[in-house]
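Number of protein chains: 2
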Amino acid sequence: MRELAGDLSLLSINTATLRKQLALSAVIEACARRGIGGLSPWRDQVQAAGLAQVARHLKDARLVLTGYCRGGFFPATDAAGLRAALEDNRRAVDEAKALGAPCLVLVAGALPGALAGKPSHKDIRLARAQVHDGIAATLQYARGVGMPLAIEPLHPMQGADRACINTLEHALDICDALDPGRTGALGVALDVYHVWWDPKLAGQIARAGA
Amino acid sequence: MRELAGDLSLLSINTATLRKQLALSAVIEACARRGIGGLSPWRDQVQAAGLAQVARHLKDARLVLTGYCRGGFFPATDAAGLRAALEDNRRAVDEAKALGAPCLVLVAGALPGALAGKPSHKDIRLARAQVHDGIAATLQYARGVGMPLAIEPLHPMQGADRACINTLEHALDICDALDPGRTGALGVALDVYHVWWDPKLAGQIARAGA
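One line per chain: the protein sequences are A and B, in this order.
Under our numbering, the first residue of the first sequence is numbered 1308, with each subsequent residue one higher.
Under our numbering, the first residue of the second sequence is numbered 1308, with each subsequent residue one higher.
Derived by calculation from the structure, the hints in this document are not laboratory data.
Note that this is a predicted model, so its numbers are computed, not measured.
Errors might be hidden in some of the hints.
Since the list can't tell identical chains apart, any single copy or any two copies may satisfy a pair.
[To be verified] Cross-link-like lysine-lysine pairs, in silico, BS3-like; alpha carbons within 30 Å at most:
{"no.": "1", "residue 1": "Lys1404", "residue 2": "Lys1507"}
{"no.": "2", "residue 1": "Lys1425", "residue 2": "Lys1507"}
{"no.": "3", "residue 1": "Lys1507", "residue 2": "Lys1429"}
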């Protein structure tokens, strides 16, 4: 942290970390006051404050977005649920665009109902197939809007309830499959909290940057 | 489970699951009475009951061991600690031999002190290097005794405190490095509790069995 001590403009705050302490407008003010340069806001906090108001506030405060959290949660138990997830992801893409975010972060989702403690099944292959198809469909829409998507692998301890993409390698395999030309429309977001354990991490980061 | 209902001889009980309910001798009796065919005993339970007594009891009860739990926990903060871990693993190999176990299961270990809540460092690469060297040294001894070693990858949620080998692929990479001829002296033990989340699981199981 010593190198950063004089340059907080390199820091970006994920607003989920302050959800319980501050409203989004107060987070924006606090970051601007301290010279913190970036912000990754969450959808619920943006919706509570109003999309247009937040966009204006960010501009006035000269804060740069480093991502918009989050799309994803694609798996569902029926066609209507899958469709609703895709519609919600399209709205998230539009919001990210309105805010000037550089990407929409995707937390894939996993077994339907698991986050509420009642998984409707235990077929992680099915969830992964639905995630693949959900990203493919959202990517098609996001390309049109000009909003990159960033797949965030989550720690395997959350593989059943939050995200069934649990390694950087898996995320990059999906990128290669859905964006073989590496157009920049699909990439990854990495959180050290989720990936520190991965023995292939360094090699896969090199792959991502190649 | 329907297929197994008539043939409990295919089941093996890991005695850690009954540690709080029964002494090892009572577990052996209970398994034999129910026609359960196998047992994977733990070192502390064997030591409490006496190695020779347990070996005789298992033979009388006609229970087959499916493994002996466990060696490993190789990382340490100094040379004396590393040496002590190797000595302890040699004792575990000898005990496994005395019991007629088909393999000694290795839980690698991770950051020294982490299991007690006080990790002495956070260098997982160092821990992994020490695990690699510890398995290599133990393998040399175990080959002489004729006792196969089985590396058990643990879920990444235990990557800091119990085992820094967290995928089957990583375990098999170590097997290939240390037993390139696939002599059967080094293999893996899989627990679905630890590996269910792994997107490469099926492919790596095929690799292990190739």
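Here is what the structure says about each hint:
no. : hint              : result
1   : Lys1404 / Lys1507 : neither (33 Å within a copy, 35 Å between copies)
2   : Lys1425 / Lys1507 : between (32 Å within a copy, 26 Å between copies)
3   : Lys1507 / Lys1429 : both (27 Å within a copy, 17 Å between copies)
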